[in-house]
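J.: Take a look at the letters that make up each chain.
Protein chains: 2
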Amino acid sequence: MEFVAGEYDVAVVGAGHAGCEAALACARLGLKTIVFAINLDSIGNMPCNPSIGGTGKGHLVREIDALGGEMGKAADATAIQVRILNRAKGPAVYSLRAQCDRAKYKLYMKRVLESQPNLDIRQGEVCDILVEDGKVTGVKLTTGAIFRAKAVVLATGTFLGGKVIIGETVYDSGPDGMHPAKYLTESLKRLGIEMMRFKTGTPARVHRKSLDFSKMQIQLGDEVITPFSFEHETLEIDQVPCYLTYTTEETHRIIRENLHRAPLFTGLIQGVGPRYCPSIEDKVVRFADKPRHQVFIEPMGRDTDEMYVQGMSTSLPEDVQIKMYRSVIGLENVQIMRPAYAIEYDCINPLQLEPTLQFKKIKGLFSAGQINGTSGYEEAAAQGIIAGINAAMYVKGKEMLVLDRSQAYIGVLIDDLVTKGTNEPYRIMTSRAEYRLILRQDNADLRLTEIGYRIGLISQERYEKFLQKKKMIEDEIERLKKTVIAPSEKVNKFLVEHGSSPISTGVRLSELLKRPELSYEALREIDPQRPDLPRSVKEEVEIEIKYEGYIKKQLQQIEQFKKLENKKIPDWVDYNQISGLSTEAKQKLSQIRPASIGQASRISGVSPADISVLLIWLEQAKKGSK
Amino acid sequence: MEFVAGEYDVAVVGAGHAGCEAALACARLGLKTIVFAINLDSIGNMPCNPSIGGTGKGHLVREIDALGGEMGKAADATAIQVRILNRAKGPAVYSLRAQCDRAKYKLYMKRVLESQPNLDIRQGEVCDILVEDGKVTGVKLTTGAIFRAKAVVLATGTFLGGKVIIGETVYDSGPDGMHPAKYLTESLKRLGIEMMRFKTGTPARVHRKSLDFSKMQIQLGDEVITPFSFEHETLEIDQVPCYLTYTTEETHRIIRENLHRAPLFTGLIQGVGPRYCPSIEDKVVRFADKPRHQVFIEPMGRDTDEMYVQGMSTSLPEDVQIKMYRSVIGLENVQIMRPAYAIEYDCINPLQLEPTLQFKKIKGLFSAGQINGTSGYEEAAAQGIIAGINAAMYVKGKEMLVLDRSQAYIGVLIDDLVTKGTNEPYRIMTSRAEYRLILRQDNADLRLTEIGYRIGLISQERYEKFLQKKKMIEDEIERLKKTVIAPSEKVNKFLVEHGSSPISTGVRLSELLKRPELSYEALREIDPQRPDLPRSVKEEVEIEIKYEGYIKKQLQQIEQFKKLENKKIPDWVDYNQISGLSTEAKQKLSQIRPASIGQASRISGVSPADISVLLIWLEQAKKGSK
Ligand SMILES: Cc1cc2nc3c(=O)[nH]c(=O)nc-3n(C[C@H](O)[C@H](O)[C@H](O)COP(=O)(O)OP(=O)(O)OC[C@H]3O[C@@H](n4cnc5c(N)ncnc54)[C@H](O)[C@@H]3O)c2cc1C
Ligand SMILES: Cc1cc2nc3c(=O)[nH]c(=O)nc-3n(C[C@H](O)[C@H](O)[C@H](O)COP(=O)(O)OP(=O)(O)OC[C@H]3O[C@@H](n4cnc5c(N)ncnc54)[C@H](O)[C@@H]3O)c2cc1C
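Chain order of the listed sequences is Y and U. Take 3 as the starting number for the first sequence in our numbering and just add one per residue. Take 3 as the starting number for the second sequence in our numbering and just add one per residue.
Please keep in mind that the hints were generated in silico from the structure rather than gathered at the bench. Don't be surprised by glycine CBs; every beta carbon is placed ideally from N, CA and C. A portion of the hints provided could be inaccurate.
Straight-line alpha carbon distances no greater than 30 Å define the calculated DSS-like cross-link-like pairs of lysine-lysine that follow [to be verified]:
{"hint": "1", "chain 1": "U", "residue 1": "LYS184", "chain 2": "Y", "residue 2": "LYS142"}
{"hint": "2", "chain 1": "U", "residue 1": "LYS211", "chain 2": "Y", "residue 2": "LYS142"}
{"hint": "3", "chain 1": "Y", "residue 1": "LYS398", "chain 2": "Y", "residue 2": "LYS34"}
{"hint": "4", "chain 1": "Y", "residue 1": "LYS365", "chain 2": "Y", "residue 2": "LYS137"}
{"hint": "5", "chain 1": "U", "residue 1": "LYS569", "chain 2": "U", "residue 2": "LYS137"}
{"hint": "6", "chain 1": "U", "residue 1": "LYS325", "chain 2": "Y", "residue 2": "LYS184"}
{"hint": "7", "chain 1": "U", "residue 1": "LYS398", "chain 2": "Y", "residue 2": "LYS211"}
Label-pair distances were calculated between CB atoms; the ranges are [as the list claims (entries may be wrong)]:
{"hint": "8", "chain 1": "Y", "residue 1": "SER117", "chain 2": "U", "residue 2": "TYR173", "range": "30 to 40 Å"}
{"hint": "9", "chain 1": "U", "residue 1": "ASP305", "chain 2": "Y", "residue 2": "GLU235", "range": "24 to 34 Å"}
{"hint": "10", "chain 1": "U", "residue 1": "ASP305", "chain 2": "Y", "residue 2": "VAL6", "range": "30 to 40 Å"}
{"hint": "11", "chain 1": "U", "residue 1": "GLN272", "chain 2": "Y", "residue 2": "PRO119", "range": "41 to 51 Å"}
Chain Y with its partners taken away, still in its complex shape:
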């Protein structure tokens, strides 16, 4: 029996990483919000490695934090090891990564949701999205309960039509032994939404005491921890080690000999898997000449002996799994606690979304996370906060938020999704960003706090602290640019000691800092006027000055980019009427309906010639000739 169980501004379907951020954003923006999960014990669950951040992903987490999201704080609160990756590769790709305590992360996130005013949490399976006259009006549970809502955010992760695959064994299931969502796919199809079928996989969890760490390389956390959240200046935790080991020829032989039983190759798995997060059988086939692959052994938490075997996700049959894992160095006697598995699930084709993450066809219906064809906790959370903000803006009748590719990795991620679509689980990578030197993890607050504040997710207090920090950075940069160091014995001794050439005329501190061999920290010795500054300020100052030239160049490129982004295309355009466009361009443009010439130019199949045609057409349209 159907009945109305509640009236809300926003209903969020799913309390994974996307759903949590979306729900928190809406509630924090003052909207009456409800978030659903099939199982409340799985709020904020990490069904794969309990690790937050990493290359590109760490950037997303910091951007989420700068906008007022929760993921960074949750990672800080539950981290058991923290490292900055890519230290050797330069600050553009420095990436923060935390190994977290999976159980504590879930409890932390559930606690935050429970404590959030305006937010109700509800266990139940949403089976239907209610739409009237092209506008969303609510959701329905399998029990018949209808929750009316002005906006709805879909964040169903890998649950829609979930199917777990372990070798020949296949059964309906969500991740981590949860119920799958059995009905929502059909409801979305009835609404005319195009669905895709993707898959992802996870390795086995093994018992710590069955491993021989003496054969592995220990991986310790950073001595001084950089927190994820800009609200945390420092973070002190008792860190646990991870370990690095390798597959062997034997591993590869076992895999090759059992490829005829690998669901990935027998056709049992139909969903498309992530190319950049391949299973081990995939790696062994695609990189046939590689004699070994890295395997990281990472703890699932502080108070558990479960360990994650990173790099060896698989859907091979269990008997093959056992042999395969036991052939890895140090895993000779490994005791599997949970076998590896793959999961297939339904997701939407993200080309159906606007850059706001609203469905083009259904007003008030937003979508975020793995359901949009992505993979990864951080990718999910990044979309979640944007979908949440925009659902709130929609309800309030205010302008929605779109971050562009020059503002944030979040912008890159969403622009890629809604402009290019994806035919495999999409994950962020630093190589996807054109303006990497601008989109650094260290300056995410400088890029986005202002926006978070304007939207209402950054408190006055935090905003003022941020302005102070900004001023400190500017002041210090200015001071360094103004301070001239005169040549002296002391100074030149210092320079030579640091492998730097001595000076004979006065040189600005900023110039010295640009020398690769001199760090801001080292320069303290010849910089007696230096003020005492927080870690984050010093970091910023150093990068801004050291890379000033490159940064300037990228800022110029961004100006060019912005010009095309700002050439908005009216939404009534009928591309089929524009002569001169190629057939493919007409079709793609009509499908994707880009918001700007910039976006149009990134659509595959739309050529520079097509863009010229479009630009001319736009000029004419403006002149009122159309």
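Starting from the known structure of chain Y, arrange chain U with the ligands on it as the hints suggest.
T.: Relative to chain Y, chain U with the ligands alone:
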């Protein structure tokens, strides 16, 4: 594809309360053990109220502890409120009860299992029990993995063929959104095991902030906490309150008006529910004249706002649930986080078990917990430790452990199950025990530590501490019996002040202590020689002396009882050949095959006349005339 994945002494199917105790017992007794769970996140899960102990149940927990089990320690480690119930009713029924933190309890139990030498933990669904020549040989997972084992303990709880029911909505599921076990029932049936279908239910979980506690009665924990485990002399925790409120006429009206939609009455629920843990609709129907029912609001943990609504379990449709809960005093604006539901599941008819919990028909196959037709965490754990011990004894070829009704509530529970069977989920109650004054919770260690030690689950160190305690008790009792208090002004003043009559001749301290108005604590004033003794010793001394008369009487009854228990019936008896037995007795005795005259006498349908016939037959058999 089938393959052998491991060789074990004992395989335990299930890591709920029964499975955890069974697995720990086996591993601690030195056997190579593996325990399976469909989902490792649910080890030690409490799908209903996260409360351990209570009337009768508290006794079981202490007995488990005295035998070397884990439940008492887990409860102590995760308690958030502790009380002794029935304080007014005398020490026989004093019952310890702890409200625990559900999430922490699970993590604690998983940690203990992970840290236990000889024990492997494995996620997987057992689909088949392997038996050869009437002896168990192992189990098979759905992935084809075969784990050979000399003994197997079934502890599958409410997962077999699990079906969740909320009003008209029914779906396959284990408790708490877990996968059900879909195949094992068929495997058991193929082995000739008779299955039954039971059901149980749970109320909604609601958000703390939506409740009006000012309308409820607060329930605080005890000022001085008595721990569950005999290894803990004291326990200091920061306790949280619970609350008492009531249903209203309106609640009952809503329920009555919706009985036509109650699965319990429409026939949708076929499984038999627990009479002593009825759903609210059941209570409203059965006690139609009661104007209100008690409702306890109890926290699900320390760091969560989820609250349990004890007393209002239901399978009514969700719309009725909402109205019904909102009609309870203080719940007018209640926000449901998880709706109430009932679950139906397959269990075995426990008459197929020996008192050792081994299947009569299949050697090496044991069964414990909810699968045996019981309900409750403590009942499950109690059976679990016995099944575990006996699986170990079976593998070692040693004598199995059977506790009789005079030794422990565990004995009462198991004897009831295997002698009388049950046609509804069985739970322990103090009224089920004949020798309540002996089977107290305070003396569980005195009753059972010796046995736990002999079996090998109690360490030498703990045993020696226990012997010390026992000696302290005996010494103090003796001292009290010997110490004569002479009449004096001081003594008589003390007596009169405590509402007790003055003495004119010397009186032993033990005699004074027998006066109801005088406590051991109070008597300190006139007992200058009193040694400084631990809380638990003082408690024991007081009860043993105060109730000495009654205790003696029960000990005599137990002697009588033991006589019949010791009259063993050989297992080759053919009851159909014994003339003089009633037809019903013949049939029942053949089915149950009691181990002793005592057990035979408790079988319903076996009359005192039948017992006389049996006794005579036994005498003759002994004389060798048969
Ligand atoms: C086996 C496995 C392996 C993975 N491996 C990797 C990897 O190697 N690398 C990587 O980056 N990422 C990996 N991931 C992906 C990562 O877990 C997800 O990207 C991330 O969790 C997605 O977040 P989400 O918020 O979109 O969805 P989820 O975290 O899946 O959350 C979905 C939420 O929606 C709820 N829900 C779903 N349907 C309904 C409904 N109908 N009604 C009510 N509630 C509903 C669920 O209860 C849940 O709360 C893996 C995931 C799985 C399952
Ligand atoms: C909804 C609900 C309400 C309840 N209400 C009450 C109540 O009011 N009062 C009360 O006293 N008790 C109640 N109970 C009962 C109490 O929860 C159980 O009695 C107790 O948990 C049983 O413990 P157990 O160890 O037998 O099984 P469970 O705790 O259910 O554990 C079963 C274990 O077996 C595993 N398992 C099952 N099948 C397989 C398989 N094929 N392969 C591998 N692993 C398997 C599971 O993963 C799990 O680990 C309720 C239970 C439920 C679900």
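J.: Is LYS325 (chain U) within 30 Å of LYS184 (chain Y), Cα to Cα?
T.: With a Cα-Cα distance of about 28 Å, the restraint between LYS325 (chain U) and LYS184 (chain Y) holds, given a limit of 30 Å.
J.: Quick check on a hinted range of 30 to 40 Å for SER117 (chain Y) and TYR173 (chain U), using CB atoms only.
T.: This hint holds: roughly 31 Å between Cβ atoms.
J.: Is LYS184 (chain U) within 30 Å of LYS142 (chain Y), Cα to Cα?
T.: holds (28 Å)
J.: Below or equal to 30 Å on CA atoms is what counts here, so check LYS398 (chain Y) against LYS34 (chain Y).
T.: Measuring from Cα to Cα gives roughly 12 Å; hence the hint holds.
J.: Taking the beta carbons of ASP305 (chain U) and VAL6 (chain Y), is their distance inside 30 to 40 Å?
T.: holds (33 Å)
J.: Are LYS398 (chain U) and LYS211 (chain Y) close enough, with their CA atoms no more than 30 Å apart?
T.: holds (26 Å)
J.: Do GLN272 (chain U) and PRO119 (chain Y) keep their Cβ atoms within the hinted range of 41 to 51 Å?
T.: This hint holds: roughly 44 Å between Cβ atoms.
J.: Is the distance from the Cβ of ASP305 (chain U) to the Cβ of GLU235 (chain Y) consistent with 24 to 34 Å?
T.: holds (25 Å)
J.: Within a Cα-Cα threshold of 30 Å, do LYS211 (chain U) and LYS142 (chain Y) meet the stated pairing?
T.: The hint holds at about 25 Å.
J.: Do the alpha carbons of LYS569 (chain U) and LYS137 (chain U) lie within 30 Å of each other, as the hint requires?
T.: holds (28 Å)
J.: Would the pair LYS365 (chain Y) and LYS137 (chain Y) pass a check requiring their Cα atoms to be no farther apart than 30 Å?
T.: holds (5 Å)
Violated hints for the displayed structure: none, as all numbered hints are satisfied.
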